[in-house]
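Heads up: the sequence lines are chains A and X, in that order.
With numbering that gives the first Met the number 0 applied, the first sequence has no gaps in its numbers, which climb one by one up to 48 at the end.
With numbering that gives the first Met the number 0 applied, the second sequence has no gaps in its numbers, which climb one by one up to 729 at the end.
In case anyone wonders, no lab produced these hints; they're calculated from the structure.
These figures come from a predicted structure and were not determined experimentally.
C-beta atoms are modelled at their ideal positions from N, C-alpha and C, and glycine is treated no differently.
Careful, some of the hints might be misleading.
[To be verified] Using C-beta positions, here's what the derived DEER-type ranges look like:
#1 X:Leu378 <-> A:Ala2: 41 to 47 Å
#2 A:Gln29 <-> X:Glu655: 36 to 42 Å
#3 A:Leu25 <-> X:Ala307: 35 to 41 Å
#4 A:Ala37 <-> X:Ser322: 46 to 52 Å
#5 X:Ala118 <-> A:Ser27: 40 to 46 Å
#6 X:Gly190 <-> A:Phe12: 25 to 31 Å
#7 A:Asp31 <-> X:Arg489: 26 to 32 Å
#8 A:Leu13 <-> X:Leu691: 35 to 41 Å
#9 X:Ala686 <-> A:Ala2: 41 to 47 Å
#10 A:Gln29 <-> X:Gly589: 50 to 56 Å
[Said to hold, decoys possible] Derived contacts from chain X toward chain A, CB cut-off under 7 Å, selection only:
#11 Gly35
#12 Met38
#13 Asn57
#14 Ser59
#15 Ala111
#16 Phe115
#17 Asn119
#18 Met121
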Amino acid sequence: MTALAWLIPVALFLGLLGLAGFLWSLRSGQFDDLEGAAWRALEDEDEPD
Amino acid sequence: MSLQTAIPGTVTTEPEMAADLNEDTVSLAVENMHCGGCMRTVEGALSALPGVSNARANLSAKRVGVRYDPLRCGVDDLVGALSGAGFKASPMQSGGEKEAGTSDRDYLRCVAVAGFAAANIMLLSVSVWSGAGGDMDAATQDFFHRLSALIALPAVAYAGRPFFRSAFDALKARRLNMDVPISLAVILATGMSFFQMLKGSDQVYFDAAVTLLFFLLVGRWLDQRLRTRAQGEAQNLLSLQSGLATAISADGSHRRVPAHMLEPGERILVAIGERVPADGIVLSGNGEVDQGLITGESAPAAISKGDAVYAGTLNLSTPFTLSVTAAADMTLLSEISRLMANAEQGRAAYRRLADRAAQIYAPAVHILGAATFAGWLILGAGWETALTHAIAVLIVTCPCALALAVPAVQIAAASRLFREGIILKTADALERLAEADWVVFDKTGTLTLGRPMLLNADEIPDDILAAASALGAASTHPYSKAVVEAAKNRLGTVRIAGDVTEMPGEGLARKTAEGEERLGSPGWCGAREDMSASLWYRAPTGESVGFQFSEALRPDASETVQQLKGLGLGVSLLSGDREGAVKAMAEETGIGDWKGKVNPADKIADLKRRSREHKVLMVGDGLNDAPALAAAHISISPASAADITQRAADFVFQGEKLASVVEAIKVASRAHSLALQNFAIALTYNAVFVPLAMAGYVTPLLAAIAMSTSSILVTVNAVRLSGLGRQEAP
Numbered sequence: 000m001t002a003l004a005w006l007i008p009v010a011l012f013l014g015l016l017g018l019a020g021f022l023w024s025l026r027s028g029q030f031d032d033l034e035g036a037a038w039r040a041l042e043d044e045d046e047p048d
Numbered sequence: 000m001s002l003q004t005a006i007p008g009t010v011t012t013e014p015e016m017a018a019d020l021n022e023d024t025v026s027l028a029v030e031n032m033h034c035g036g037c038m039r040t041v042e043g044a045l046s047a048l049p050g051v052s053n054a055r056a057n058l059s060a061k062r063v064g065v066r067y068d069p070l071r072c073g074v075d076d077l078v079g080a081l082s083g084a085g086f087k088a089s090p091m092q093s094g095g096e097k098e099a100g101t102s103d104r105d106y107l108r109c110v111a112v113a114g115f116a117a118a119n120i121m122l123l124s125v126s127v128w129s130g131a132g133g134d135m136d137a138a139t140q141d142f143f144h145r146l147s148a149l150i151a152l153p154a155v156a157y158a159g160r161p162f163f164r165s166a167f168d169a170l171k172a173r174r175l176n177m178d179v180p181i182s183l184a185v186i187l188a189t190g191m192s193f194f195q196m197l198k199g200s201d202q203v204y205f206d207a208a209v210t211l212l213f214f215l216l217v218g219r220w221l222d223q224r225l226r227t228r229a230q231g232e233a234q235n236l237l238s239l240q241s242g243l244a245t246a247i248s249a250d251g252s253h254r255r256v257p258a259h260m261l262e263p264g265e266r267i268l269v270a271i272g273e274r275v276p277a278d279g280i281v282l283s284g285n286g287e288v289d290q291g292l293i294t295g296e297s298a299p300a301a302i303s304k305g306d307a308v309y310a311g312t313l314n315l316s317t318p319f320t321l322s323v324t325a326a327a328d329m330t331l332l333s334e335i336s337r338l339m340a341n342a343e344q345g346r347a348a349y350r351r352l353a354d355r356a357a358q359i360y361a362p363a364v365h366i367l368g369a370a371t372f373a374g375w376l377i378l379g380a381g382w383e384t385a386l387t388h389a390i391a392v393l394i395v396t397c398p399c400a401l402a403l404a405v406p407a408v409q410i411a412a413a414s415r416l417f418r419e420g421i422i423l424k425t426a427d428a429l430e431r432l433a434e435a436d437w438v439v440f441d442k443t444g445t446l447t448l449g450r451p452m453l454l455n456a457d458e459i460p461d462d463i464l465a466a467a468s469a470l471g472a473a474s475t476h477p478y479s480k481a482v483v484e485a486a487k488n489r490l491g492t493v494r495i496a497g498d499v500t501e502m503p504g505e506g507l508a509r510k511t512a513e514g515e516e517r518l519g520s521p522g523w524c525g526a527r528e529d530m531s532a533s534l535w536y537r538a539p540t541g542e543s544v545g546f547q548f549s550e551a552l553r554p555d556a557s558e559t560v561q562q563l564k565g566l567g568l569g570v571s572l573l574s575g576d577r578e579g580a581v582k583a584m585a586e587e588t589g590i591g592d593w594k595g596k597v598n599p600a601d602k603i604a605d606l607k608r609r610s611r612e613h614k615v616l617m618v619g620d621g622l623n624d625a626p627a628l629a630a631a632h633i634s635i636s637p638a639s640a641a642d643i644t645q646r647a648a649d650f651v652f653q654g655e656k657l658a659s660v661v662e663a664i665k666v667a668s669r670a671h672s673l674a675l676q677n678f679a680i681a682l683t684y685n686a687v688f689v690p691l692a693m694a695g696y697v698t699p700l701l702a703a704i705a706m707s708t709s710s711i712l713v714t715v716n717a718v719r720l721s722g723l724g725r726q727e728a729p
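One chain only, chain A, in its complex shape (with noise of 0.2 Å):
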C-alpha cells in the first residue's frame, strides 16, 4: 500500500499538466481556427512575421 502514496500523487499531478497544458493552449488561441491550423501544418514556408 505504500506504493499508493507516492503514485495517487504522481498521477494527479500528471493529469493536472495535461489540463494546464489544454488551459494554456485554449488561452494562446490554438483552438481559435481548427479548420485553418490543419492547412498551415501543409506549408512549407516559414511564416511571415
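Following the hints, position chain X against chain A.
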C-alpha cells in the same frame, strides 16, 4: 498600438512617422476563403502591402486580422489588395454588441476541468467498487473518498458556475428552468457525499455528480458553439454587404470609406456597376438603375437630379453623385424597418423544443425528487437514506437528452448546411424550418436570377446579333450582358468593338466607315414606338432591330417547385412585379397559387392570413420582401439579396441553385425527427431507472453507468445525420 485613431480608409500623404508605434488593427470578413491555399494567398497579398506588419487569416471564422500602419495604408488598400487577389473582403462592422453570458471558450474551460475531475474520480471510484467486499480495507476506501472530495469540490465549484448562475437568475425571476434541478442535483449530491465521507459511510456520489456535470457541459458547449458560429456568419454577411463607398471630400478629392461609416449630408460617387451604398438624393448624373432588390421590379428605372435612390440599387449606365440622407428620414426604409419590427414581435415568442420540454420536465423532476424524499421518511427511513435516494432520482432524471442530444443534432445539421453554402443565422431556425408546411416565393431574384435573358434571339439574324454584342460587350448594363450571352451561346465567340462611347441614359454608339451604329433606347435608335422591345440596335445603314427580354429563371426553379410539392408542401408566388410577368413565371414553374402587384404591407397581410392555418416559409431577396421575411414563421434569402433582407432572413444560401431550399428543409426535418428520437430514448431510460431510483435500488455505480450509456446513445444517434446526408447527396 497607439491611442491615436486615424479615420479608416483615409489615404494621407503626410510624412512617414515612426511606424511601429502607430499601428492599428482591423478585422476583415473575407468571402470565399475555403482552403489553405486561399488562406496563404490572402495573407500573402496583405503582407505585400507597404505598412502592413502582420496578417493572420482565420479559416473557420472566414476573417483576417491585419496589423497595419494607418499612415502608410488605409483599409481600402487592404480591401483593394484582396480584391486584386480574387477575394471579396470588407471591414467588420464593430457593432460592439458583445453577447452577455458565457462564451464558448468559457464553456470549453469548464468542460476541460469537469472532464479532468470526472476521469480521475471515476478511476478512484472503480477501484473502490472493485475492492468493496474484497481486499480493500476501510481505511483505504476512506482515503480514496477523501481524495475524490479533494478533486470534486473545486471542480464542481468551478465548472458548475454556468448552471448555478442561470438557475440563480431564473429563481430570482420566480421561474423554473432546467438549470434549477441540475444545480440542485449537483449541489445536493456533492454536499451529501461530503457529509457521508466525513461520517465514513460508503454512500459517496462524487463521481456521479461530476460526470453529470461533464456531460451537461459538453451539450452546453455544442449549443453555444452553434450560436457563436451562426452569429459570426451573420456578422460577416452584414459586413460584406455594406462594402466600401467612394466619398467626395469638400476639396473634391475622393476617398474610400466603409459604407456603414457614411454620415448624412456626405457626398458619394457611385461608379457604373456598383451598388448604391447608402440612401441618398441624386446631385448630378442621369442614368438608369436596377431597383430590383428594392421594388421587385425587373425593368431598369431612369433617375435624374433630385431623385431619391436607396441602398442596394445597382447603377447601370452612368456614374452619379449622391448626397447621403439619414436612414431614419427615408420614407421607404423607415417604413420597411417599422413593418419589420412589428412583424418580428410574433417570432420572438417562439420557444425552442428543448425549452418547451424543460417546461414540463423541470417541475416533474422536482416533484419526483420531493416525493421520494417524503416517501422514504414516511416509510420510516432516516433522513440521510431518504435524501440519498432523492438525490439518486435527481441524478438519474437529469436531462442528458435535453442538454446534449438536441444540440448535438443541431450541430451536425448546421455543419452539413454550412458545407453546402447554406448559412444558418439564428440558432433556433432549424427547428422552425422543420415545422414549415407552406412555401411562399418572391419572383425577381428568388425564382429568377434577377437578370434579363434575350427572348427573341431566334428572330435576330446572326450578323445583327454579332454587331450588337460587339457593342454590348463594352457595357455592364444587364440588357447588354444578356445580348452578349445570347451571342456567345449562338456564335461561340464575341468580337469586342473598339472606340465604343457610352451616352448616359441612352446607350452605346460607335462610329464606323458607313456611319454610326447604336445600341440603346428605342427613341435614340430611331425605332418605332413598340412596347414589346426594350433595347434596339441601329445599324450604320439606319435600319433598326428590337430585342425583347424576359427574366432568366434559376436553372432548377421548376424542379425545386416540383420537389417541394413532392414533400407535401404548398407553394405560392407573391411578387411586386406586373401581373403579366408574374403569371408567366407561375405557369412556367407550375405554381398554381400566385399574386402580382403586391406591396410589402400586402405581403405581410397575405402571410398573416396564411399563417392561421399554415407555418409559412418565405423565400425572398428584395428590400420589399424584408418585412415579409420577418413576419413569416421561417425565412430564407439568397446571398445576392439586399442587406436588410439578409438581416431579416433565418437562412442565407449562396450560389444559383434554388435546390438549397429543398436541402435545408430536408436536413431540418431530419434533425427534427432525430431530436424526437432522442427524447424517446431519454424517456425510455427514465421510465426504467426512475422507479428503481425511487425504490432505492440505484447505486452510485449503476447511476453513473446508466447515465453515460444514455448520453453516448443519444449522441451516436445525432451523428447519424451527417452520414445519412452523404448517402442522399447525388
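| message | Quick check on Asn57 (chain X) please, does its C-beta sit within 7 Å of some C-beta on chain A? | response | holds (4 Å)
| At a threshold of 7 Å, is the proposed contact between Ser59 (chain X) and chain A supported by beta-carbon distances? | holds (5 Å)
| query | Do the beta carbons of Gly190 (chain X) and Phe12 (chain A) sit within 25 to 31 Å of each other? | reply | holds (28 Å)
| request: Confirm or reject the claim that Ala118 (chain X) and Ser27 (chain A) have a C-beta distance inside 40 to 46 Å. | output: violated (24 Å)
| query | Taking the least C-beta to C-beta distance, is Phe115 (chain X) closer than 7 Å to chain A? | reply | holds (4 Å)
| field | Range agreement (Cβ of Ala307 (chain X) with Cβ of Leu25 (chain A), hint 35 to 41 Å) | value | violated (51 Å)
| message | Quick check on the hint: Met121 (chain X) CB to chain A CB, less than 7 Å? | response | violated (12 Å)
| task | Hold the hint about Asn119 (chain X) up to the distance rule: shortest CB distance to chain A must be less than 7 Å. | result | holds (6 Å)
| request: Kindly confirm whether 46 to 52 Å is satisfied by the beta carbon distance between Ala37 (chain A) and Ser322 (chain X). | output: holds (49 Å)
| request: Take the C-beta atom of Gln29 (chain A) and the C-beta atom of Gly589 (chain X), compute their distance, and say whether it sits inside 50 to 56 Å. | output: holds (53 Å)
| field | 35 to 41 Å as the expected CB spacing between Leu691 (chain X) and Leu13 (chain A), which holds or is violated | value | holds (37 Å)
| said: Hint Gly35 (chain X) vs chain A: min CB-CB distance below 7 Å? | reply: holds (3 Å)
Checked against the numbered hints above, the structure violates hints 3, 5, 7, 18; every other hint is satisfied.
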